[in-house]
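Chemist: Could you put the whole structure together from the sequences, leaning on the hints where they help?
The listed protein sequences correspond, in order, to chains A and B.
Numbering-wise (the working numbering), the first sequence opens with residue 19 and increments by one.
Numbering-wise (the working numbering), the second sequence opens with residue 941 and increments by one.
Hints were generated in silico from the structure; no laboratory data involved.
Even for Gly, the Cβ is constructed at its ideal location relative to N, Cα and C.
Any given hint might turn out to be false.
Just the calculated beta-carbon pair ranges, DEER-fashion [unchecked claim]:
1. B/Thr1114 - A/Ala41: 21 to 31 Å
2. A/Gly79 - B/Tyr1028: 46 to 56 Å
3. B/Phe1260 - A/Phe85: 57 to 67 Å
4. B/Tyr1213 - A/Leu52: 34 to 44 Å
5. A/Phe178 - B/Phe1316: 27 to 37 Å
Examples of chain B residues lying across from chain A (beta carbon under 7 Å, computed) [unchecked claim]:
6. Val1100
7. Asn1103
8. Trp1118
9. Gly1122
10. Ile1225
11. Trp1229
12. Pro1242
13. Pro1300
One-letter residues, chain by chain:
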Amino acid sequence: MTTMSSVEPTRRDFLYIATASVAAIGAAAALVPLVAQMNPDASTIAAGAPIEVDLSPIAEGQVIKVFWRSKPIFINHRTKKQIEEAQNVDVAQLRDPQPDSARVKPGHDQWQVLIAICTHLGCIPLADQGPYDGYFCPCHGSVYDTSGRIRQGPAPLNLFLPPYEFLSDTKIRIG
Amino acid sequence: MSGHPIYKPRSAFMQWMERRLPIGGLVYSSFIVYPTPRNLNYWWTFGGILAFMLGVQIVTGVVLAMHYTPQVDFAFNSVENIMRDVNYGWLLRYVHSNGASMFFLAAYIHMFRGMYYGSYKEPREVLWILGVILLLLMIMTGFMGYVLPWGQMSFWAATVITNLFSAIPLVGETVVTWLWGGYAVGNPTLNRFYSLHYLLPFVIAGVVVLHVWALHVVGQNNPAGIEPKTDEDTVAFTPYATIKDAFLMAVFCILFAWFVFYIPNFLVDPDNYIPANPAVTPMHIVPEWYYLPFYAILRAIPNKLFGVMALAASILILVFLPWLDTSRVRSARYRPLYRQFFWAFVIVCIGLGWLGSKPPEGNYVLFARIFTVYYFAYFLIILPVLGKIERTKPLPNSIAESVLKTGAPIGAPAPPPAKA
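Modeler: What follows is the structure in structure tokens.
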């Protein structure tokens, strides 16, 4: 057999490149469903619709836990002392600086709504615990104040706030 | 060295077979006449023990899968059903759950042996790296298996470990949601973990084949850390290595059986007998004992991103070990300084394991930090520098000389290794 060496591309060269291109695009396209199936499915997303919570049964100083999108949410009816503690903090000293006013709805200082998931590795903090009278995460020792701001421990950020709004003075919609 | 004898099949069937699929010849040359260094000690038997443990885990695992239900409402009860109702289910599950611990125990001894005798050095770098890949696969498989009983520790271990990925800048949260298949650990998470927990052991088996292949290309290291030169330096795999492997495997099984039959829950957190509750995090979250050193490193660093990076680095740094250790002498027998740092490293690893089981406060954190510094300094400072400045002892001329001059008869075991 003789080897043909020509400077001009042959028809085989064209076929080779065309086939390889189709294979590469095909492999990339096949990855799309394989990767996308891992994301939350339609029923999970549908179950993540907003929820309404009646605040009237929550006594002052009480913290309740509700679930929205499988996430625990703390609703804390703060006492006057807790509100004052949260407001009288030198914001510049904080790891994730945020004034208390940015973490509650205006005119509803006593209601604090937080996603009860430690920003370190996702454990649920305990309410009314720790040196700042706020929240303490038992997993790795993160301490949050009464505004849910990180004060000690390995967590990098303040507890997240869920999207919510007041429908009336005693009713909120989360989501 | 001259070649070993060639396989000559005796039966007509094996002669017929050998011309079509020479599997008899492969077994003969790899596990019968394969030359092994004559000075191998019992620390060299853990490779065989690991292969045995992989077999145990696959057999018990496949059987357990016939009785287990990967659904959040049924998973916990199906495991209890295995424990109470399935014939010998208690035995199969205890063998599987304690088998994971035995598997890691053997793997860690195997790795420390490789480090003591410098088994990762040229030309065994790829062999070592395949071993690190096997460790990573074992860690993933063990973690996902721990999630399946869907107890409190299962659920919160899954939450904490998947949240490690949330430390990735920008895409972290997206990656975590993708891993979960929801907004939190839930049924989709359990389902995919079950699928992968079934798959990965077979991936491990495949990498084991590569590991053994690489081993048979470069040959085994040995306690003297010098290559065999003549036929006098080696003995045939069978019977010498076979009986040694089999004997220690039997001893290892006594330990294994002691755990299974007498203290089957010794290594298990009692909280995992409480069904998973997404609303309550247990007071002390601790992983299984074999992850504790890495967990202690994670917690020693008071910053989320750097903690997670240190955790990943503590395992991945092993990949670079063949190049970080600059000494050309392999065995710690001839490296008096290295030997001391090595044993300090072993103590640090065990110490980190103990600290990982303690709450993250006070002096526990302080010591975890000191030990973490030593862990990384061992690889990044001590090993590179030591190779340049250490005065090593003279190496023996041959493996045969290293064992025969002590007056030991041919085929006798080498003297015990570590007299540090």
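Chemist: Measuring from the C-beta of B/Trp1118 to each C-beta in chain A, is the shortest one below 7 Å?
Modeler: Holds, about 5 Å.
Chemist: Range first: 27 to 37 Å. Now tell me if the beta carbons of A/Phe178 and B/Phe1316 are that far apart.
Modeler: For B/Phe1316 against A/Phe178, whose Cβ atoms are near 33 Å apart, the range 27 to 37 Å holds.
Chemist: Honestly, do B/Thr1114 and A/Ala41 meet the 21 to 31 Å range at C-beta?
Modeler: Since B/Thr1114 and A/Ala41 have Cβ atoms about 29 Å apart, the given range 21 to 31 Å holds.
Chemist: Holds or violated: B/Pro1242 as interface residue toward chain A, Cβ cutoff 7 Å?
Modeler: 5 Å, holds
Chemist: Does the hinted range 34 to 44 Å hold for B/Tyr1213 and A/Leu52 at CB?
Modeler: 36 Å, holds
Chemist: Given a cut of 7 Å on the nearest C-beta pair, is the interface hint for B/Trp1229 held or broken against chain A?
Modeler: Given a least distance of 18 Å, the restraint on B/Trp1229 is violated.
Chemist: Classify the hint on B/Pro1300 as holds or violated, based on whether any CB of chain A lies nearer than 7 Å to its CB.
Modeler: 5 Å, holds
Chemist: Given B/Val1100 as an interface hint, is the shortest Cβ-Cβ distance to chain A below 7 Å?
Modeler: Given a least distance of 4 Å, the restraint on B/Val1100 holds.
Chemist: Can the suggested window of 57 to 67 Å be confirmed for the beta-carbon pair B/Phe1260 and A/Phe85?
Modeler: Distance hint for B/Phe1260, A/Phe85 is violated at roughly 45 Å.
Chemist: Return the status of the interface hint for B/Asn1103: holds when the least beta-carbon distance to chain A is below 7 Å, violated otherwise.
Modeler: 4 Å, holds
Chemist: Measuring from the C-beta of B/Gly1122 to each C-beta in chain A, is the shortest one below 7 Å?
Modeler: Holds, about 5 Å.
Chemist: Given a hint of 46 to 56 Å, does the C-beta separation of A/Gly79 and B/Tyr1028 actually sit inside it?
Modeler: This hint holds: roughly 54 Å between Cβ atoms.
Against the hints set out earlier in the document, violations occur for numbers 3 and 11.
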